[in-house]
Amino acid sequence: MRRNRINRCKPLLGTYVDVSIEADLDDEQLLDLSIDAFEAITRVHDTLGFHNPDSELSDVNRWAQSGSAEPIAISEDLRRVMELALNLSAASDGLFDVTVAPRLVQQGSLPHVHRDAILSGAGNWQDVTLSDEGLSFRAPVLIDLGGIAKGYAVDQAIARIAANKMHVDINVNVNAGGDLYLSNWQEECVGVRYPDELNRHYDMPMLAPALATSACYFSEQDSVMIHPGSGEALVRGYSVSVFAEHCMLADALTKLAFLNPGDSSVVRQFNGRAFLLDSQNGLLEL
Amino acid sequence: MDRRSFTKMVSLLAAGAYLPAVQVHAKTYLTIDQARKLLWGSEPMEQVPVTLSKDQIKAIKKASKVRVRNDKLQVWKTESGGWFIVDQVIGKHENIDLAFAYDAEGKVMGFEILTYRETYGYEVANPKWKAQFNGLDYKEHLKLDKQIKNISGATLSCRHITDGINRLSHTWEQVLRHL
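Chains S and P, in that order, give the protein sequences. Going by the working numbering, the first sequence wraps up at 286, each residue one higher than the last. Going by the working numbering, the second sequence wraps up at 465, each residue one higher than the last.
Hints in this document: simulated from the structure, not taken from any laboratory. A couple of the hints might just be wrong.
Said to hold, decoys possible - In the DMTMM-like style, the derived pairs of lysine to aspartate or glutamate whose C-alpha atoms are separated by at most 20 Å in a straight line are: (1) Lys323(P) to Asp27(S); (2) Lys378(P) to Glu197(S); (3) Lys313(P) to Glu22(S); (4) Lys378(P) to Asp449(P); (5) Lys323(P) to Asp36(S); (6) Lys378(P) to Asp196(S); (7) Lys313(P) to Asp203(S); (8) Lys363(P) to Glu329(P).
Said to hold, decoys possible - Have a look at the derived ranges for each label pair, beta carbon to beta carbon: (9) Pro335(P) to Asp27(S): 28 to 38 Å; (10) Glu459(P) to Ala90(S): 47 to 57 Å; (11) Asn124(S) to Ala390(P): 48 to 58 Å.
What the hints assert, rightly or not - Here are a few chain S residues that sit away from chain P, every Cβ distance over 10 Å (derived from the structure): (12) Asp59; (13) Gly67; (14) Gln106; (15) Asn164; (16) Gln280.
Heads up, the beta-carbon is just placed ideally off N, CA and C, and yes, glycines get one too.
Given the sequences, and given the hints that come with them, work out the whole structure.
Shown next, in the form of structure tokens:
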């Protein structure tokens, strides 16, 4: 059978998610694989979304606001994301922090899903404990996984396709609004958008299977890059791109590189490579 | 790849990247026929010519709070009384062709993106540039697709798709259900 291809795109995770699959398979089989991939992404969208009051994350946020010291049981998806999030928080001394959500609610970047939530003087990542029993909280916090879950969703789509039983070589690309994973990355190039000239992109080779980019692109919106220390919404003219083994890691590491481009030690500790891009200085490895 | 060879590769690529080319980010996904199969399987359907009257456009706009740009609709009625609609959603920076499935009660059963075009330059304001897509000319789109690779960074929200669904749901309510 000759090489066949399917491209599909769906609005999920607050962006456009693009799935391309190429293999020696017929149209039906490719379609089935694409359905599997979107199912995995939809599952993450439904489980980890802050905006959706019925998501598991919203249940956890209600629990975190209730003042209970007991742990709440969590799904495997939430466990994996929180595990990396808390590891990155510890490694970066709190520069990566998924509990900055109250600040994002205050400035209107996130909806006021939890009406009674404590928005000022709330706790931080150090008040969150992950154990075998689940998540427990020492102070009321609100968790938003917007800086990490998109990458996780991409990884899950890739994993779902890799778990197929078709025994053929499958080339798959998943791109969730710039957070991407390319299975044949060694042969691929990527265009990184200039943050101030969105029609232009800087072409470069893929340096790892996953890449994510973060910046403040649209001036009409408030920056969602909150510095956990000062609470300030940082506006910067550059974008940062991070290559890593997994998209969740790439996604999360862009936040660290954006907030503190002068120190890439955590990015390196997690085997990532970070680049800063703006049209004045071009590309710079951190 | 070590750092030196990488830097070399980047500078070679950069020579090309600095050309003042204004690129349109465009991508083709399913064809109308593929979307039809995906959304409706083998259910027979027949194309129905629909041209919205001025009053209908006004009513749809009022109910959905979304502007109606096209008075001609590309719709097919299925054997079970459902609908297959090919339509366009236009935002500030994007222009998306979609195929929708509505059931006999006017409920959205699903939709697929056919083509996606995004631009931040002069093109959007240029009526000629816009006009080339109005006929849903897929040959043109395929040509555009060839220059596209994976792009990282800057994404638009999906709000306009929600608006488009809202507009078409009211189009069903006002027009299609009576056909």
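Exercise. Does Lys378(P) pair with Glu197(S) here, judged by a C-alpha cut-off of 20 Å?
Worked result: Holds, at about 16 Å.
Problem set entry | Outcome for the supplied range 47 to 57 Å, where the beta carbon pair is Glu459(P) and Ala90(S) | Because 54 Å falls inside the window, the suggested range holds.
Exercise. Far enough from chain P: is every CB of that chain over 10 Å from the CB of Gln280(S)?
Worked result: At about 13 Å from chain P, Gln280(S) clears the 10 Å cut-off, so the statement holds.
Exercise. Is Lys313(P) within 20 Å of Asp203(S), Cα to Cα?
Worked result: This hinted pair holds, its Cα atoms lying about 18 Å apart.
For this session: Determine whether the Cβ-Cβ distance between Asn124(S) and Ala390(P) falls within the hinted range of 48 to 58 Å.
Result: holds, 52 Å
For this session: Could you let me know if the closest chain P CB is still more than 10 Å away from the CB of Gln106(S)?
Result: Given a closest Cβ separation of 20 Å, the condition holds.
Exercise. Lys378(P) and Asp449(P): Cα distance at most 20 Å?
Worked result: holds, 13 Å
Exercise. Does Asp59(S) sit more than 10 Å from chain P, CB to CB?
Worked result: holds, 25 Å
For this session: Sort out whether Glu329(P) lies within 20 Å of Lys363(P), counting only the CA atoms.
Result: holds, 10 Å
Problem set entry | Given as non-interface: Gly67(S), partner chain P, CB spacing beyond 10 Å | holds, 34 Å
Problem set entry | Pair hint Lys378(P) and Asp196(S), alpha-carbon separation not exceeding 20 Å | holds, 17 Å
Exercise. In terms of Cβ atoms, is chain P entirely out of 10 Å range of Asn164(S)?
Worked result: holds, 19 Å
The structure fails none of the hints (numbered hints given earlier).
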